[in-house]
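A.B. asks: Residues per chain are reported as follows:
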Amino acid sequence: MEQFITTLFNGLSLSSIILLTSLGLAVTFGLMRVINMAHGEFVMIGAYMTYVVQQIFVKFFPESVRDIYYIVSIPAAFGVAFLFGSLLERFVISRLYGREIDSLLATWGISLILQQAARSIFGTQGVNVTAPSFLKGGIEIGGCTFSYNRIFIFVMVLLCLLMVWVIMYKSNFGKQMRAVMQNRPMAQCMGINSRRVDNITFALGSGLAGIAGCSVALLGSIDSTVGQSYIVNSFMAVVLGGVGKLAGTVLGSTIIGSASIFTENYTSSTIAKAIVLLIVIVFLQKRPQGLFVIKSRNLDE
Amino acid sequence: MTNENILEIKNISVCFDGFYALTDVRTNVKRHTVHFFIGPNGAGKTTLLDIICAKTKPTSGNIMYYPEGREGIRLTGMKEYKIVEEGIGRKFQVPSVFVNLTVLDNMILSLKGHKGIFDSIFGKPSKEDMENIDSVLERVGLADKKDVRAGSLAHGQKQWLEIGMQLVSKPEIIMLDEPAAGMGKPETFRTGEILKDIKKECTVIVIEHDMDFVKQAADIVTVLHEGKILMEGNISDVLADKTVQAVYLGRGGE
Amino acid sequence: MKDMLKKQGSNICFAFIVILLALVPVMFSAGLMNSSTVLFLGKCIAFAVVAMGLDLIWGYTGILSLGHGLYFALGGYAMAMYLKLQSTGGKITDFMHTGGLEELPLVWKPFLNLPLSIVMIILVPAVVSGVIGYFIFKSRVKGVYFSIISQALTWAAYSMFIALSPYTNGNVGITEIKSVFGSIKGDANRGNMFLLFYISLGIMILIYALCKFLVGRKFGKLLIAIRDGENRTYFSGYRVSRYKTFVYVLSAVIAAIAGAVFVNFNGSITPSQMTIAYSITMVIWVAIGGRGTIIGAVIGAFLINLCEYNLSSGAMVEIWQYLIGALFCITILFFKGGIVGFVKDHFPGDKKAAPAAQAKTEEAKV
Numbered sequence: 014m015e016q017f018i019t020t021l022f023n024g025l026s027l028s029s030i031i032l033l034t035s036l037g038l039a040v041t042f043g044l045m046r047v048i049n050m051a052h053g054e055f056v057m058i059g060a061y062m063t064y065v066v067q068q069i070f071v072k073f074f075p076e077s078v079r080d081i082y083y084i085v086s087i088p089a090a091f092g093v094a095f096l097f098g099s100l101l102e103r104f105v106i107s108r109l110y111g112r113e114i115d116s117l118l119a120t121w122g123i124s125l126i127l128q129q130a131a132r133s134i135f136g137t138q139g140v141n142v143t144a145p146s147f148l149k150g151g152i153e154i155g156g157c158t159f160s161y162n163r164i165f166i167f168v169m170v171l172l173c174l175l176m177v178w179v180i181m182y183k184s185n186f187g188k189q190m191r192a193v194m195q196n197r198p199m200a201q202c203m204g205i206n207s208r209r210v211d212n213i214t215f216a217l218g219s220g221l222a223g224i225a226g227c228s229v230a231l232l233g234s235i236d237s238t239v240g241q242s243y244i245v246n247s248f249m250a251v252v253l254g255g256v257g258k259l260a261g262t263v264l265g266s267t268i269i270g271s272a273s274i275f276t277e278n279y280t281s282s283t284i285a286k287a288i289v290l291l292i293v294i295v296f297l298q299k300r301p302q303g304l305f306v307i308k309s310r311n312l313d314e
Numbered sequence: 039m040t041n042e043n044i045l046e047i048k049n050i051s052v053c054f055d056g057f058y059a060l061t062d063v064r065t066n067v068k069r070h071t072v073h074f075f076i077g078p079n080g081a082g083k084t085t086l087l088d089i090i091c092a093k094t095k096p097t098s099g100n101i102m103y104y105p106e107g108r109e110g111i112r113l114t115g116m117k118e119y120k121i122v123e124e125g126i127g128r129k130f131q132v133p134s135v136f137v138n139l140t141v142l143d144n145m146i147l148s149l150k151g152h153k154g155i156f157d158s159i160f161g162k163p164s165k166e167d168m169e170n171i172d173s174v175l176e177r178v179g180l181a182d183k184k185d186v187r188a189g190s191l192a193h194g195q196k197q198w199l200e201i202g203m204q205l206v207s208k209p210e211i212i213m214l215d216e217p218a219a220g221m222g223k224p225e226t227f228r229t230g231e232i233l234k235d236i237k238k239e240c241t242v243i244v245i246e247h248d249m250d251f252v253k254q255a256a257d258i259v260t261v262l263h264e265g266k267i268l269m270e271g272n273i274s275d276v277l278a279d280k281t282v283q284a285v286y287l288g289r290g291g292e
Numbered sequence: 170m171k172d173m174l175k176k177q178g179s180n181i182c183f184a185f186i187v188i189l190l191a192l193v194p195v196m197f198s199a200g201l202m203n204s205s206t207v208l209f210l211g212k213c214i215a216f217a218v219v220a221m222g223l224d225l226i227w228g229y230t231g232i233l234s235l236g237h238g239l240y241f242a243l244g245g246y247a248m249a250m251y252l253k254l255q256s257t258g259g260k261i262t263d264f265m266h267t268g269g270l271e272e273l274p275l276v277w278k279p280f281l282n283l284p285l286s287i288v289m290i291i292l293v294p295a296v297v298s299g300v301i302g303y304f305i306f307k308s309r310v311k312g313v314y315f316s317i318i319s320q321a322l323t324w325a326a327y328s329m330f331i332a333l334s335p336y337t338n339g340n341v342g343i344t345e346i347k348s349v350f351g352s353i354k355g356d357a358n359r360g361n362m363f364l365l366f367y368i369s370l371g372i373m374i375l376i377y378a379l380c381k382f383l384v385g386r387k388f389g390k391l392l393i394a395i396r397d398g399e400n401r402t403y404f405s406g407y408r409v410s411r412y413k414t415f416v417y418v419l420s421a422v423i424a425a426i427a428g429a430v431f432v433n434f435n436g437s438i439t440p441s442q443m444t445i446a447y448s449i450t451m452v453i454w455v456a457i458g459g460r461g462t463i464i465g466a467v468i469g470a471f472l473i474n475l476c477e478y479n480l481s482s483g484a485m486v487e488i489w490q491y492l493i494g495a496l497f498c499i500t501i502l503f504f505k506g507g508i509v510g511f512v513k514d515h516f517p518g519d520k521k522a523a524p525a526a527q528a529k530t531e532e533a534k535v
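Protein chains in written order, with this note's numbering: chain F, 14 to 314; chain B, 39 to 292; chain R, 170 to 535.
Just chain F, with the same shape it has in the complex (with noise of 0.2 Å):
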C-alpha cells in the first residue's frame, strides 16, 4: 500500500511535468497546426535561466535572501522562454502555416542551433542548481515521503493550468483564440487580429515550457539535450489526448506519466518507456485521432 502510493505520487509529478510541456505543444499545434520540435529547447532555456538567476543571487545577495532566487527565477525563465518563443514564431512559424510537416523540419534546425548556443555558453558539462532550503525534504505520512520539490512542481502546475484555463474560457483573449482554431477565415472576417493571437499564443505556450524548464532544474543537472528527453513523452501525451483540447491533453500527459512510473517497478526504466509508448501507439490504432476528438465536415483533415 505504502509503495503503491509512493508510486502514484512519482506518478503524478513526472505526469504533471510532462503536462507542462505538452500544453504548449497542444495549444500551438491546435491553433496553427504546427509542430515545434524546438519545444524541447524552450524547457532547457527555462532551466538554464533557474541556474542564471542563481548565479547571480549568489553573486549579488546577501546569504539569507538567496532562496528567494527560485521564485524569482520562475518569471524569469517565463518571461525569456516567452520572448523567444514570440521571436521564433515573427521570424519562423508565421512563414510556415499549413506546411505541418515542414514546420516539423524548419523547427528543428531552430532546435540545432540553441542547443549548440547552449553548448557555446554553458560548456557540455551540466550544471546543477541546488535547491532553496524550503524545498529540501519532505513530509511524512504513514510511513510515506512526499518530497516538498515535486509537492512543490505538482502545485506550480496546478496554479499553470488555472491559469491557461482562465485565459482559454474566461478571457478575451482566449475566446479570440479559439475562435480563430476552430475557424480561421472566419474569426479573421469578424475583425480578429489572427497574426497577433497566433504570436501570443506561441509565445504563451513557450513561456509554460519555461517554467517545466524551472521545475526540470530541481530534478537533475542541466545540459543542452535536457529538454529532449521531456519532448518524445510530451508528443505523445498530445497525441493521445487528441487535439486541441485542454482535458485531452491533460488525461494524454497523466496516463503517460503515470503508466511509465508504474511500470517501472516492474521492469527496468527504459524498457518500461518503451513498453508505454508501445502502448500508446497501439491505442492509436484503435483511435487515431486521440481520445478527445473534434468532430470537422472537412475535406482533408
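Calculated from the structure, these hints are not laboratory results.
All values reported here derive from a predicted model rather than from experimental measurement.
Note that beta-carbon positions come from the ideal geometry of N, C-alpha and C, so glycine has one too.
Among these hints, one or two may not hold up.
If the Cβ cut is set under 7 Å, some of the chain F residues that face chain R in the computed set are [as the list claims (entries may be wrong)]:
#, residue
1, 126
2, 245
3, 249
The list that follows gives simulated cross-link-like pairs (lysine to aspartate or glutamate, DMTMM-like), each with its CA atoms no further than 25 Å apart [unchecked claim]:
#, chain 1, residue 1, chain 2, residue 2
4, R, 387, B, 176
5, R, 387, B, 124
6, B, 68, B, 250
Quick look at which bits of chain R chain F covers, simulated, 3 or more residues with Cβ under 8 Å [what the hints assert, rightly or not]:
#, segment
7, 321 to 331
8, 486 to 494
9, 501 to 515
Use these hints to put chains B and R onto chain F, whose structure you have.
C.D. replies: For chains B and R alone, kept in the frame of chain F given last:
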C-alpha cells in the same frame, strides 16, 4: 431479371454531433438516367454523395447497388477503393486533380483496373486504353493539353479534367458534385450535352445549382431540404411545386 | 545535345559522381588522398543510399519518417553481428560474458554464416517496417501524426537496444570488427579496401537504378498522387495504405542495406545511429539536396557530409552546428526544392520539372 434501379437509397440518416444532416432519406436512382439532387445550402446533397462513396458513414440505413448483370451489392460498410472498383466514380466539389502530374498521367492513373502495386510497376497501359484516353480528352476539350501539368490548368479546365478522369475509368455510376462551378455559359452547356451523351453508357448523379443546366440535362430531380426529401419528379413538376418555390427558388436561388 | 542535357541531367550528374568516386582508389594509390578520406567516402556512399530510400518515402510519397535511423542501424547491427562472430571465430563475445550469458544466444545464431546474415539484413527491417507500416497506414494515421509516432518508435527501440546490453553491448555497440573482405586497415590490406569500395559503389549504382526505374513508372506517379491528394487517390480506386506500406518497407530495406555498407567502412555500430537526431540528419541531407528527385538525395548526402568532414574539426565544430541548423531552416523556409529544385527553377528547360513553390500555392488554394 435486372432491377431497373441501379441504386436504392434506403432510410439513410446521418448525425454529426446531434445535428441531423440527413433524416430518413429514401430514393432510387434509375439506370441510364441523369439524376439531379438540388436544394439550398446545407440541404445534405454533398453528404448524400459522401455516404454513397463511403467518405462518411451513415448513422442508420443502407445503400444497395445493382451493377448491370450482377448481384446486388450493399455499399454501406465497404471501403472507398472497393466501391470505385465496383464502378462508382466521383468528382468532388473542389476540383481535386493531381496538381504535380501531367494531364495524361492524371488520366492514366484513373484507368479502370490495374490498381495493384505489381501492375503499377511493371504494367503499361494498353493501346485501347490510350485510345480511350485520347477520345475522352477530345470530348472534354483537353486533347492539346496532354503534357501540361494539371496544376497549371484554369479552374474550369480542372473541372473538365476531373470529369474526364471519371469517364476514362468507365464507371457504371458517375457522381458529379457541382461540375459546372467555375465554368462559363458555353462550357456549362457543353457539359450538359456530355452528360446527356454519357448516360447511354452509365448512370449520372449530379449536384448543381445552375437551373438552366438542370433544365437542360435532368431526367429526374430530387429536391432536398434540411436533410429531408422535399419532392421528386421531372424538372417541370419540380419547378411548378409551391413548396419547392418557397424553400429554394423563392429565395432567389440561381 | 542541349535537349539531352536537360532530359538526362540527373543521370549525367550521377554518372559524374560515380566516375569521381571510381577514381578515388586511383588517387589514393597515387598518394593524393589518405586512407581515412577513402573510408569516409565509403561511408558517404552508404549515406547516399539511405538518402535515396528516404527520398522515396518523403520526397515522393510525402510521408516523413523520423525513424529511418532505426532501419539503418538494424542493417548495421545485422552486418556487425556477422563480422563480430567472424573475429571471435563463432564464440561468444566479451560483452555477453559480462552480461552473464554462457553460450551464444539464439538471436545471434543466424549470423554465423554470410548468406544467412545477408538474408537477415534484409528480412529483419522488412518485417519490422512491414508490421509497423501495415498497422499504422491501415488505420490511416498520416502527416505529422505518423512522424511523431515514428519518432516515438525509434526512441523506444533505442531504449530497448541499450537496455538489452548482454545481447547488444548497450551504449558501446559492437566494435572492433573488420570488413566482409577482411581487414581494410594498413597498406597490406589495400586490395581488400578497394574491393569493398567498388562493391559499395556498385550497390549505390544499383539502388539508384532501382529508384529511377520505380519513379519513372506509373508507380512513381502514384506516389506523387498520394503525396498531393491522398483521399483523391483512394477515390481513384487505389489501396493507398498498401502502397504506403510497400514504399515504407522498401525504403526501410534500402536504409538497412546502407547500414550494412556503413558498418564495413566504419568498423563499429552504436545505438547512436538509431537516435531521432541521426534520423533527422538523414532528412536534412535529402531536404538540402532536393526532395522529390533521386539525384537530389545523392547530392545532398555527399555535399553535407563532405562539408561536415572538412569543417567539424577543432574550432569549427561549433560553427558547423550553427551552420547546419541555419542552412536546414532556410532551405525549408525558402528553397523547398533544395539545391536541385533551385537549379531547376533558375535554369528551366524541362517543362515537367515544376517549380515546387508554385505547386504549393496551388495546393493551398484547393
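A.B. asks: Are the hints correct? Go through all of them and say.
C.D. replies: Hints, one by one, checked against the model:
1. A least Cβ separation of about 4 Å between residue 126 of chain F and chain R falls short of the 7 Å threshold, and the interface hint therefore holds.
2. Annotation: interface hint on residue 245 of chain F holds; nearest CB of chain R at approximately 5 Å, less than 7 Å.
3. With 7 Å as the threshold, the beta carbon of residue 249 of chain F comes within range of chain R, its nearest partner Cβ sitting at about 5 Å, so the hint holds.
4. At roughly 23 Å between alpha-carbon atoms, residue 387 of chain R and residue 176 of chain B fall within 25 Å of each other, so this suggested pair holds.
5. This hinted pair checks out: residue 387 of chain R and residue 124 of chain B have alpha carbons roughly 22 Å apart, not beyond 25 Å.
6. For the hint pairing residue 68 of chain B with residue 250 of chain B, the CA-to-CA distance comes to about 22 Å; that is within 25 Å, so the pair holds.
7. Check on the segment 321 to 331 of chain R: 8 of its residues sit with their Cβ under 8 Å from a Cβ of chain F, so the three-residue criterion for coverage holds.
8. With 5 residues having a beta carbon nearer than 8 Å to a beta carbon of chain F, the segment 486 to 494 of chain R meets the requirement of three or more and the stated coverage holds.
9. Coverage of the segment 501 to 515 of chain R by chain F holds. Counting CB-CB distances below 8 Å, 3 residues qualify, and the rule asks for three or more.
In this structure, every one of the numbered hints holds.
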